[in-house]
Amino acid sequence: MTAQLRPSLAACPACVAAPHDSSDQAPADARLALSLPGIHCQACISAVERALNAHPGIHSARVNLTLKRALIEAEPELRAADLIPLLESIGYEAHELDLAALAATQNDKIGRDLLMRLAVAFFASMNVMLLSISVWSGASDATRDMFHWISAAITFPAIVFSAQPFFANAWTALRVKRLNMDVPIVLALVLALATSLWETFLSGEHAYFDAALTLTFFLLAGRYLDYRTRAAARSAAEELAALEVPRAIRLLDGDEYEVPVADLAIGDLILVRPGGRMPVDGEIVAGQSELDRSLLTGETLPVFAEPGLAVSAGEVNLTGPLTIRATAVGEDTSLHRMTDLVAIAESGRSRYTSLADSAAKLYAPGVHILSALAFAGWYLYTFDIRTALNIAAAVLIITCPCALGLAVPAVTTAASGRLFKKGMLIKHATALERLAEVDTVVFDKTGTLTAGTPEVTNLGDHARADLEIALALAEGSSHPLSVALTRAAREAGIRPAGVQDITEVPGYGAEGLFRGRTVRLGRAAWVGAEQGSQTAAWLDSGAGAAKPFLFTDALRPGAAEAVQALKQTGKEVLLISGDTTGAVEDLAQRLGITKWVAEALPADKSARVQMLADQGKKVLMVGDGLNDTAALAAAHVSVSPASALDAARVASDIVLLGQDLSPIAEACGVAQKATRRIRENFRIATLYNVVAVPLAIAGLATPLIAALAMSTSSITVSLNALRLR
Amino acid sequence: MSVLAYLIPISLILGTVGLAAFFYTVRSNQYDDPEGDSRRILSDEWDDKPKP
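Protein chains in written order, with the working numbering: chain U, 53 to 777; chain V, 4 to 55.
Quick caveat, the hints were computed from the structure, so don't treat them as lab data. Just to be clear, a hint being listed does not mean it is correct.
[To be verified] Taking lysine to any residue and the SDA-like style, the derived pairs with C-alpha atoms no more than 20 Å apart in a straight line are: (1) V:Lys54 with U:Cys96; (2) U:Lys120 with U:Glu148; (3) U:Lys473 with V:Glu38; (4) U:Lys599 with U:Phe566; (5) U:Lys670 with U:Ala694; (6) U:Lys120 with U:Ile136; (7) V:Lys52 with U:Ser98; (8) U:Lys473 with V:Asp36; (9) U:Lys161 with V:Asp36; (10) V:Lys52 with V:Glu38; (11) U:Lys120 with V:Arg42; (12) U:Lys161 with V:Tyr27; (13) U:Lys161 with V:Asn32; (14) U:Lys725 with U:Arg775; (15) V:Lys54 with V:Gln33; (16) U:Lys599 with U:Ile546; (17) U:Lys161 with V:Lys52; (18) V:Lys54 with U:Leu123; (19) V:Lys52 with U:Lys599; (20) U:Lys161 with V:Ile44; (21) U:Lys120 with V:Tyr27; (22) V:Lys52 with U:Arg114; (23) V:Lys54 with U:Arg114; (24) V:Lys54 with U:Asn105; (25) V:Lys54 with U:Glu148; (26) V:Lys54 with U:Asp384; (27) U:Lys474 with U:Ala694; (28) U:Lys473 with U:Ser87; (29) U:Lys725 with V:Lys54; (30) U:Lys474 with U:Glu290; (31) U:Lys120 with U:Lys725; (32) U:Lys120 with V:Lys52.
[Unchecked claim] Pulled from the structure, derived: some chain V residues nowhere near chain U, Cβ distances all over 10 Å: (33) Val6; (34) Phe26; (35) Asp36; (36) Arg42; (37) Asp51.
Built from N, CA and C at the ideal position, the CB exists for glycine as well.
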């Protein structure tokens, strides 16, 4: 490979190619990943794979329908940008994915590990159960002893391998002198194995090998479900992050080079095309344009940009190409500094105790005391260590939190699956429980309640002739206001006037010649008008004063329904925005929100959320911008749309995958139902204990009763969880 | 009862074979795309001979 880089050889491509082919032992294949949101059937898989595999330079391509992705191995010089038009030409939407951001899900080690342990526990418990059933149905004497010995031989290695996660967790908890759910589990396993082995030595009647194994199996099943739910959410969240491939165009001696954002250094000249996002903080050195700062500050009015203006990473360039000189890169950009704020607020959330934790806190000491009392009582009664220990072990096994271990993961898996179908991604383990407690909802305005696309409000106020000129000028531009104006005028049946020599002046607007007069559509100052408080584009038709086209932000689909539904369920709805008072008041009235705050700085937002929390309110924060991140992290639970900035998505517990906001209200309902089911499950598990524990303490429990109690409680708990679907 | 001396080892060996097969399928990424695999059987590509 290095030979290719030598200038003397590279001058003659043929010389390189000829010896290269034969000696190329390890071709450094480029690996590409494409997201294909539109594929759904066998025909799609075949079509995409056939098209990709036929493309020169691709070694192999394979579609993964579950993840809706294509993984491609190709020549190093092949770019994803070359393949996207190819797939679009056969009718499939495709986006490039950043493989580095996906790397964590590619190799799902923990999940596989758990699955293997689960399989071993299942295999061993089925075999031992077979032998145990023979014992229960009457095998006696030498046969029974032999069956017990074989069971022991299967059980010990299986437990040593399968139960490792419990041993590890219990050890970490004990080392810091605390109790968690895993401590009684490990104690029960160890005590059950020890007494059973002892009984086997003495040719005893009862051995709990099968109980120890089924216990491990059920608990591992709970762990695996829990892990799967979170892994699915994590991989979907990572895919969202991977969709933004971090690349920038660096200018070097007048040439453009596409480089990863991570490689940019302070002082680099970077070209940002219209529609592109600022990769780093910097200062404009050339070009004129307008900047959309809504993701950072919440203001909807675009800002005029000219050389000398400082820009921060995350702002979007709207009209003309800009060249910026980087002043801060990577960790030092304002985007990254904001994440420090998030880290501080995050520590507050981790104080939340989940239902499972509070159950464990009650449960773990309770079982230990119960079992110790049973041991002490029977020892004092019979002065026989063997009987006392057997009964203590039986108490531990019967109370063991099989059903408790399944109670929470089974419900969250069902609820998360249901919400995922509605387009909601539950990222945090306790997010559902926290969502169920919410009584106050705080919305951000720009990009959350509004879609971020402007809409003309006063089209009817203009004369037809003016509209025709405005349409002609707007049509050629990709500025969001022009696009909105064009769409509205076209829908109203307006035909463009014959304006000639239309040119776009970046940062100002468009101008042209109409019947010998210069006509302009653009910023207020450019056409000699006064800028008002509302977003507007001004038309100078060459006759009379300039006329404004006023714009308002279009509502996001489902916004009105979501606010309505939340208010109906008795929740208080607030609107806190960084935008101007007029715009916020207008939107609040349209949606019927009575409490609103405008011109809020990022710190104000999080302070207000904090204040509500101090009043004892459980706040749900819905926001998308950088200015919301601190508030998102400070809230009891937080939601952000998929279009949000990466930092905001990371800070929130739930991500809305679609455009529609209405699932938010439904999610609150599902979360409440899920919490109710979890509590029900705890009650079911307790009920079984109330019946079985007295039997165990009285010394009447047999391995058969233990097995029955454990299996039925685990199965009823899982079935109860399934009712959520 | 001497038949047990054969039957128990046989049942254990068969179980172990199943377990080993499961390990093999997990390690060779056969559960990565359950949705896609269930649809791929509908394709008539590679019906005559396996994919090289």
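For each hint, the structure was consulted:
no., hint, verdict
1, V:Lys54 with U:Cys96, "holds (19 Å)"
2, U:Lys120 with U:Glu148, "holds (12 Å)"
3, U:Lys473 with V:Glu38, "holds (16 Å)"
4, U:Lys599 with U:Phe566, "holds (17 Å)"
5, U:Lys670 with U:Ala694, "violated (24 Å)"
6, U:Lys120 with U:Ile136, "holds (15 Å)"
7, V:Lys52 with U:Ser98, "holds (17 Å)"
8, U:Lys473 with V:Asp36, "holds (18 Å)"
9, U:Lys161 with V:Asp36, "holds (16 Å)"
10, V:Lys52 with V:Glu38, "violated (23 Å)"
11, U:Lys120 with V:Arg42, "holds (13 Å)"
12, U:Lys161 with V:Tyr27, "holds (15 Å)"
13, U:Lys161 with V:Asn32, "holds (11 Å)"
14, U:Lys725 with U:Arg775, "holds (10 Å)"
15, V:Lys54 with V:Gln33, "holds (16 Å)"
16, U:Lys599 with U:Ile546, "holds (18 Å)"
17, U:Lys161 with V:Lys52, "violated (33 Å)"
18, V:Lys54 with U:Leu123, "holds (17 Å)"
19, V:Lys52 with U:Lys599, "violated (72 Å)"
20, U:Lys161 with V:Ile44, "violated (28 Å)"
21, U:Lys120 with V:Tyr27, "violated (25 Å)"
22, V:Lys52 with U:Arg114, "holds (18 Å)"
23, V:Lys54 with U:Arg114, "holds (12 Å)"
24, V:Lys54 with U:Asn105, "holds (13 Å)"
25, V:Lys54 with U:Glu148, "violated (27 Å)"
26, V:Lys54 with U:Asp384, "violated (51 Å)"
27, U:Lys474 with U:Ala694, "holds (14 Å)"
28, U:Lys473 with U:Ser87, "holds (19 Å)"
29, U:Lys725 with V:Lys54, "violated (49 Å)"
30, U:Lys474 with U:Glu290, "holds (19 Å)"
31, U:Lys120 with U:Lys725, "violated (31 Å)"
32, U:Lys120 with V:Lys52, "violated (27 Å)"
33, Val6, "holds (12 Å)"
34, Phe26, "violated (7 Å)"
35, Asp36, "violated (4 Å)"
36, Arg42, "violated (4 Å)"
37, Asp51, "holds (16 Å)"
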